[in-house]
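Enquirer: The numbering of the sequence shown is this note's numbering, which starts it at 389 and goes up by one.
These are computed hints drawn from the structure, not numbers from a lab.
Keep in mind that a hint or two might mislead.
Stated by the list, open to error - Cross-link-like lysine-lysine pairs, in silico, PhoX-like; alpha carbons within 20 Å at most:
(1) Lys535 <-> Lys397
(2) Lys458 <-> Lys639
(3) Lys471 <-> Lys458
(4) Lys469 <-> Lys458
(5) Lys458 <-> Lys535
(6) Lys631 <-> Lys643
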Amino acid sequence: MEQLWLTIKFLLLGLFQGLTEPIPISSSGHLLIAQYFLDVEIEGSNSTFALLVNSASLIAVLIIYREDIKRLVINGLKFFKEKTPETRRDFMFIVYLVVATIPAGIIGVLFQDTIDSYLSTIVTVGVTLVITGLALWLIRNMRGQRKDGNMTMKDAVIIGGAQAVALIPGISRSGATIVAAMARGINQETALRFSFLLFIPVSLGGAVLSITDIINDDNLSTMAVPYIMAFIGSLVASYFSLKWFMNIMAKGQLKYFAIYCFIVGPLVVLAWFLLN
389 MEQLWLTIKF
399 LLLGLFQGLT
409 EPIPISSSGH
419 LLIAQYFLDV
429 EIEGSNSTFA
439 LLVNSASLIA
449 VLIIYREDIK
459 RLVINGLKFF
469 KEKTPETRRD
479 FMFIVYLVVA
489 TIPAGIIGVL
499 FQDTIDSYLS
509 TIVTVGVTLV
519 ITGLALWLIR
529 NMRGQRKDGN
539 MTMKDAVIIG
549 GAQAVALIPG
559 ISRSGATIVA
569 AMARGINQET
579 ALRFSFLLFI
589 PVSLGGAVLS
599 ITDIINDDNL
609 STMAVPYIMA
619 FIGSLVASYF
629 SLKWFMNIMA
639 KGQLKYFAIY
649 CFIVGPLVVL
659 AWFLLN
């Protein structure tokens, strides 16, 4: 019975992570909240659990953006032979994705353990959710006109810096990158596409960093079923959540996520103080 309850908890955590990964309310922050109230302790961002649920979200992103990825790869390779406006646009888009990956990659390698040790707390999440809400509120009415072909290296650096800040639990990765892009005058569709294509190298990089931890995971055999259920839950929830969020972005309704963060952030802090 205890193993069954543990499996249910991990399924719920996977569903929760998958639901919150695409939308701008911080999956890492909400995962900490869920762990706290479900009384499940998962060590660090490089755990087997983290790898599995993030990989599940990655698969969902790959499925949804498969046509964009295919076009970028084909045109990116074509650019070396055919320097047309279309191939140049897609080649530079790839370059910008690479550049925007660097800040989070460096900060993650150097400081991820420190962030996990000192900032992975419920109080931190409550405060940073409010910060996420403020950022979303500030850009809620922005309607940029710049598309894929109008992006610049400066855009990539700023968006990459925003993604690095989102290593702090409670700061939404998708929210931070979308806010940064829209604040630069990039339209909603391009901002959304760039944000989730940027998730691909970040997720792959995290997987590489997690390999040693997974190999040394003494509980891998006994936790196989809970891990598998968490993976499945995250995959399904990520797919439908991202599809839903794409519709929300098209309608320009980011303000509702800001309001959500304004409500949940203080409530989380209050609940922590009442329960401790």
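Enquirer: Among the hints numbered above, which are violated by the structure, and what are their numbers in rising order?
Expert: The structure conflicts with hints 1 and 2, although it agrees with all the remaining ones.
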